[in-house]
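Asker: What follows is the residue order along each chain.
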Amino acid sequence: MTLRKIERLDPRYLFLILLVVASIPMIIPLGLPMKAGALTEKAYLIIESLPPESVVVIDACMSAGYGPELQTQFVALLRHLLSRPLKVVIVSFGTEGPMLFDMALKGGLISGPKVDLEKYGKVYGVDWVYLGYIPGGETAFASFARDSWMTKVDDENTPLDELPIMQYCKNIDDWSLSITVTGGSFEQYIAQWSAAYGTTLIMGVPGVSAPRLFPYVATGQLAAMLVSLRGAGEYELLIKQPGLGAQLMDILNLTQLLIVLSVIIGNILYFAGRLGGQK
Amino acid sequence: MRALSLRDIAIMITFVLGFFIIFEYFVKWPEVNTMASNITQACTVIAGLATIVGVGNLTRIHIRNLTRRGPNYLHSIVLLCAIWIPLVIGIMYTRKTPSYVYLYNNVYGPISNAFFAVLAFYILSGAYRAFRARTFDSFILMLAAILVFLGNAPVTGNLWAGFDPLGSWILNVPNTAGYRGVIIGTAIGQTVLAVRVLLGRELGYLAQKRE
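The listed protein sequences derive, respectively, from chains A and B.
At position 199 of the first sequence the residue is numbered 199 (the working numbering), and the sequence of numbers has no breaks.
At position 154 of the second sequence the residue is numbered 154 (the working numbering), and the sequence of numbers has no breaks.
In short, the hints are calculated from the structure, not lab data.
Here a beta-carbon is modelled for each residue, glycine too, at the ideal position from N, C-alpha and C.
Among the hints, erroneous ones may be present.
[As the list claims (entries may be wrong)] Here are the simulated distance ranges between beta carbons:
(1) A:PRO29 / B:ALA117: 15 to 23 Å
(2) B:LEU74 / A:ASP10: 28 to 36 Å
(3) A:TYR168 / B:PHE19: 32 to 40 Å
(4) B:ASP137 / A:ALA38: 25 to 33 Å
(5) A:GLU156 / B:GLY54: 26 to 34 Å
(6) A:LEU275 / B:ASP137: 18 to 26 Å
(7) B:ILE61 / A:PRO113: 37 to 45 Å
(8) A:SER83 / B:ASP137: 47 to 55 Å
(9) B:PRO71 / A:THR2: 39 to 47 Å
(10) A:TYR168 / B:ARG132: 53 to 61 Å
(11) A:ALA38 / B:ASP8: 53 to 61 Å
(12) A:PRO159 / B:GLY48: 15 to 23 Å
(13) A:LYS152 / B:ASP137: 52 to 60 Å
(14) B:ILE83 / A:GLY31: 39 to 47 Å
All chains should be modelled from the sequences, with the hints used to inform the complete structure.
Answerer: Right, dumping it as structure tokens:
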């Protein structure tokens with residue numbers, strides 16, 4: 001086979017190689033070493049440093065399309081929040097949020113093991129609450145910041161005045177920390193929550209969107225960020241509760257290395273072909 | 001003197017509410033703040049109602065396509081089922097009913113996942129076949145991509161401690177500098193657009209041409 005033929009390999013062979021490489025860790029877990037990155041560690045330390053009874057608003061705005069990339073981030077963050085003496089207000093500004101929140105509690109294919117609420121000894125309505133889906137996008141972010149009672153009832157239609165936790169959470173002035181795990185509307189969250197009111201904001205984002213958010217990290221408008229599956233895996237490592245994120249890190253490692261290897265091989269073949277006078 | 005048209009009224013409402021919300025941002029006046037809060041809440045309700053309009057419109061278009069045996073009318077059946085089956089189950093029995101959860105976890109979820117997962121195959125194909133260091137610029141781009149990729153693969157930190165800081169530097173310095181320009185440019189554009197909308201010069205939201 002000439003160099004040109006190898007260089008112009010049918011992409012289906014590449015697809016097959018990727019499939020095989022990604023499947024190996026599913027069959028034989030490799031347990032490749034990892035350590036927490038600076039941004040993930042910062043997110044962890046922010047939550048760790050919150051005084052007891054602090055109100056944390058966490059938004060489940062992920063979608064199934066992102067699969068475990070965002071869902072594992074949400075689960076890891078939720079586990080950490082529930083393990084601390086905090087008041088956790090959960091809300092969904094994304095249409096799929098309620099389904100994925102339910103999946104986080106029950107466990108699932110893209111979620112990993114269930115979040116065992118009994119293990120944390122938390123009481124619904126006292127220590128945590130789920131307000132359900134709020135439509136409206138950016139307008140809803142702004143509205144919820146002004147009035148966190150805007151839904152009037154929680155996800156189970158219980159009036160908010162019957163839930164003691166909501167006495168601690170009237171508007172954004174009461175929030176000690178806001179977190180959103182989302183695949184979009186990043187700038188809108190920053191504009192309506194952290195830029196407008198100065199509240200501390202942590203985001204869980206897909207790897208493809210992270211580069212555009214680094215300017216906000218530099219200015220402090222975004223306090224910390226969990227990036228892709230790596231962020232989830234690292235966070236699970238920090239809270240010492242390895243879950244699906246940590247399990248899938250082997251796949252991430254191998255596929256990233258495969259892509260780098262394919263760039264290098266592709267270029268070697270290209271230049272070898274040119275030196276051999278094939279082009 | 002001509003009578004006010006619907007278009008004029010829409011522009012006036014936009015102008016008054018838009019400026020009121022901007023004004024409210026700068027003042028701490030409970031009555032004004034409460035009124036602004038009510039207005040934004042009303043917007044979220046309207047956004048919710050817009051879903052009904054969207055579903056209604058899609059249904060109307062595809063029923064018409066179906067009854068006329070239009071192009072790809074079988075696709076219309078799939079679309080109508082995809083909209084209405086979960087909708088009816090969700091409204092009648094809530095999202096927690098097993099049949100709704102089953103549809104989400106076993107139909108919507110895997111399709112949605114597969115759609116995104118296909119990207120990985122194209123990235124690999126692109127990396128192998130198109131990412132060539134043909135010029136000095138493309139070499140720099142390729143080098144940056146490799147370093148960021150290696151920095152993102154957690155295991156590489158154990159091979160050489162420099163991968164992670166180098167990848168982070170690329171994201172924190174050159175990437176941030178580039179994106180900052182994009183963000184500032186976009187913000188200026190958005191501000192100009194907002195002013196034009198408030199002044200009635202931009203009428204796209206009324207499905208009319210700009211002035």
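Asker: Work down the list of hints and note, for each, if the structure agrees.
Answerer: Going down the list of hints, with the structure as the test:
Range check, PRO29 of chain A to ALA117 of chain B: Cβ separation about 20 Å, and the 15 to 23 Å hint holds. With their beta carbons about 32 Å apart, LEU74 of chain B and ASP10 of chain A fall inside the hinted range of 28 to 36 Å. The hinted window of 32 to 40 Å between TYR168 of chain A and PHE19 of chain B holds, with their beta carbons roughly 34 Å apart. Taken as a hint, the range 25 to 33 Å holds for the pair ASP137 of chain B and ALA38 of chain A, whose Cβ atoms sit roughly 30 Å apart.
For GLU156 of chain A and GLY54 of chain B, the Cβ-Cβ distance of about 27 Å falls inside the hinted range of 26 to 34 Å, so the restraint holds. At roughly 21 Å, the beta-carbon separation of LEU275 of chain A and ASP137 of chain B lies within the given 18 to 26 Å, and the hint holds. Evaluation of the 37 to 45 Å hint for ILE61 of chain B and PRO113 of chain A yields a pass: the beta carbon distance comes to about 44 Å. With their beta carbons about 49 Å apart, SER83 of chain A and ASP137 of chain B fall inside the hinted range of 47 to 55 Å.
The hinted window of 39 to 47 Å between PRO71 of chain B and THR2 of chain A holds, with their beta carbons roughly 46 Å apart. Range check, TYR168 of chain A to ARG132 of chain B: about 58 Å between beta-carbon atoms, so the 53 to 61 Å window is met. ALA38 of chain A and ASP8 of chain B have their C-beta atoms about 55 Å apart, which keeps the hinted 53 to 61 Å range intact. For PRO159 of chain A and GLY48 of chain B, the Cβ-Cβ distance of about 20 Å falls inside the hinted range of 15 to 23 Å, so the restraint holds.
One distance hint, 52 to 60 Å for the beta-carbon pair LYS152 of chain A and ASP137 of chain B, holds here, with the actual separation near 57 Å. Under the hint 39 to 47 Å, the C-beta atoms of ILE83 of chain B and GLY31 of chain A, about 45 Å apart, fit the expected range.
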